[in-house]
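A.B. asks: What follows is the residue order along each chain.
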Amino acid sequence: DSGVTQTPKHLITATGQRVTLRCSPRSGDLSVYWYQQSLDQGLQFLIQYYNGEERAKGNILERFSAQQFPDLHSELNLSSLELGDSALYFCASSPRGNQNTEAFFGQGTRLTVV
Amino acid sequence: DAKTTQPNSMESNEEEPVHLPCNHSTISGTDYIHWYRQLPSQGPEYVIHGLTSNVNNRMASLAIAEDRKSSTLILHRATLRDAAVYYCILNLNAGGTSYGKLTFGQGTILTVHP
Numbered sequence: 001d002s003g004v005t006q007t008p009k010h011l012i013t014a015t016g017q018r019v020t021l022r023c024s025p026r027s028g029d030l031s032v033y034w035y036q037q038s039l040d041q042g043l044q045f046l047i048q049y050y051n052g053e054e055r056a057k058g059n060i061l062e063r064f065s066a067q068q069f070p071d072l073h074s075e076l077n078l079s080s081l082e083l084g085d086s087a088l089y090f091c092a093s094s095p096r097g098n099q100n101t102e103a104f105f106g107q108g109t110r111l112t113v114v
Numbered sequence: 001d002a003k004t005t006q007p008n009s010m011e012s013n014e015e016e017p018v019h020l021p022c023n024h025s026t027i028s029g030t031d032y033i034h035w036y037r038q039l040p041s042q043g044p045e046y047v048i049h050g051l052t053s054n055v056n057n058r059m060a061s062l063a064i065a066e067d068r069k070s071s072t073l074i075l076h077r078a079t080l081r082d083a084a085v086y087y088c089i090l091n092l093n094a095g096g097t098s099y100g101k102l103t104f105g106q107g108t109i110l111t112v113h114p
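Chains D and B are the protein sequences, given in the same order. Quick note: the first sequence, position 75, residue 75 per my numbering, numbers continuous. Quick note: the second sequence, position 43, residue 43 per my numbering, numbers continuous.
Isolated chain B (complex conformation) (with noise of 0.2 Å):
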C-alpha cells in the first residue's frame, strides 16, 4: 500500500497560517489524497481531499505538488480547536476498485497557543 509521511507533530499560534506538509512520493495516479483530524476523545473528522488540483473549502486547503509525490494542508487561521491529530491518508484504488477505506498513520499532532 502507499505510504505517506508526516512530522509527528506541530506547533502553531492562534490566529495564524498553519501549513501542514505531507510526502507520498509512491502514490499512483489514481490514489486520492484526503485529510482527516481528530480532536481529543472524538471520532476522526474529514478536513478535505483532492486528486489533482488544489481544492478548498470551508475548513481549510488543499494544496498538492505538480507530482503529486507530497501535498500540504493549509489552516488559514488556526483555532484553539484546531489543536487535533492530522492525518494525511492516499484513498487508494486497488485493482481498479474503488472502495473508500481509510489506512490511517501517526498522524501529525498539532498543538495551537493562545
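Chain D extracted, bound-state conformation (with noise of 0.2 Å):
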C-alpha cells in the first residue's frame, strides 16, 4: 500500500459527459502528479501541484482540468469525453516534488467511455 488513495477505482460513463477523480496523497506529501496510462500512448505525465499551486504542465488536453485544495487532496476533471479519453488515470504524490525524491502512485482509475 503506497499510501495514496484513489476514488473511483472505475468509472464507466459516455461520450459527452464530464467526471472527477479524487486523490488523498499520502500524509504530508506537498506535490500531486496526475499521469494517463492508455494502451497506444503508454504513461504520460498530465500536470503536477505543489501546496495548491500548478507547478508543471505536461500533455494535458484543454477538455481537462485540475486542482489541489487546502487539505492537500487534489481532483482531476475531465470533460467532453472522448472514446479516445478511456484509460487507466494514475495519481502520485511525493515529499518535495523534486527530482531528488520518490513519488508514491495510487492504484489508478480506470475510465471508461463508451
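These are calculated hints, taken from the structure and not from any lab test.
Mimicking SDA-like on lysine to any residue, the simulated pairs with C-alpha atoms at most 20 Å apart in a straight line are: (1) B:3 <-> D:40; (2) B:3 <-> D:37; (3) D:57 <-> B:99; (4) B:3 <-> D:44; (5) D:9 <-> D:64.
Build the complex from these two chains, which are given one at a time in their own frames, with help from the hints.
C.D. replies: Here you go:
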C-alpha cells in the first residue's frame, strides 16, 4: 500500500459527459502528479501541483483540468469525454516535488468511455 | 528531453541476479536517474534513484557508469514477484527548476521463470 488513495477505482461513462477523479496523497506529501496510461501512448505526465499551486504541465488536454485543495487532496476533471479518453489515470504524491525524491503512486482509476 | 534506451524484454530464473541495463547518453549533469516498476494491474512503484554514486536499498542496487551515460539496475535474487515492467527514467532539471515529473518510456518487461 503506497498510502495514495484514488477514487473511484472504476468509472464507466458516456461520450460527452464530465467526470471527476479524486486523489488523496500520502500524509505530509505536498506535491501531487497526475498521469494517464493508455495502451497506445503508455504512461504520460499530465500535470503537477505543489502545495496548492500548479507547478508543471504536460500533455494535458484543454478539456481536462485539475486542482489541489488546501487539505492537499487533488481532483482531475475530465469533460466532453471522448472514446479516446478511456485509460488508466494515476495519481502520485511526493514529499518535496523535486527530482531528488521518490513518487508514490495510487492504484489508479480505470475510466471507460462508451 | 533527455531519453533513455532499454531492452524491450529480459528473462531470468528465480533466485538468480538480474542486471537491467539503461542507456542515457544525453544525460546532463543535474539529471537524476530513477527506476520504477509496474506490476500487472498496479500503479508504478518506486525502486531506486541516484545522481552519480552507486546506490543500494532493500529492493535493489543502482550502478551508475562513471560518465553517467548508462546505468544498471541490479536485483540480487529475483523472485516471481519481481516480474514487472521496469522503467529507467531521467528526472530532469528543467532550466534550473526541479519538478520531479517522470517521463516514462516503454520500459523492459522482465519475466522470471520458476
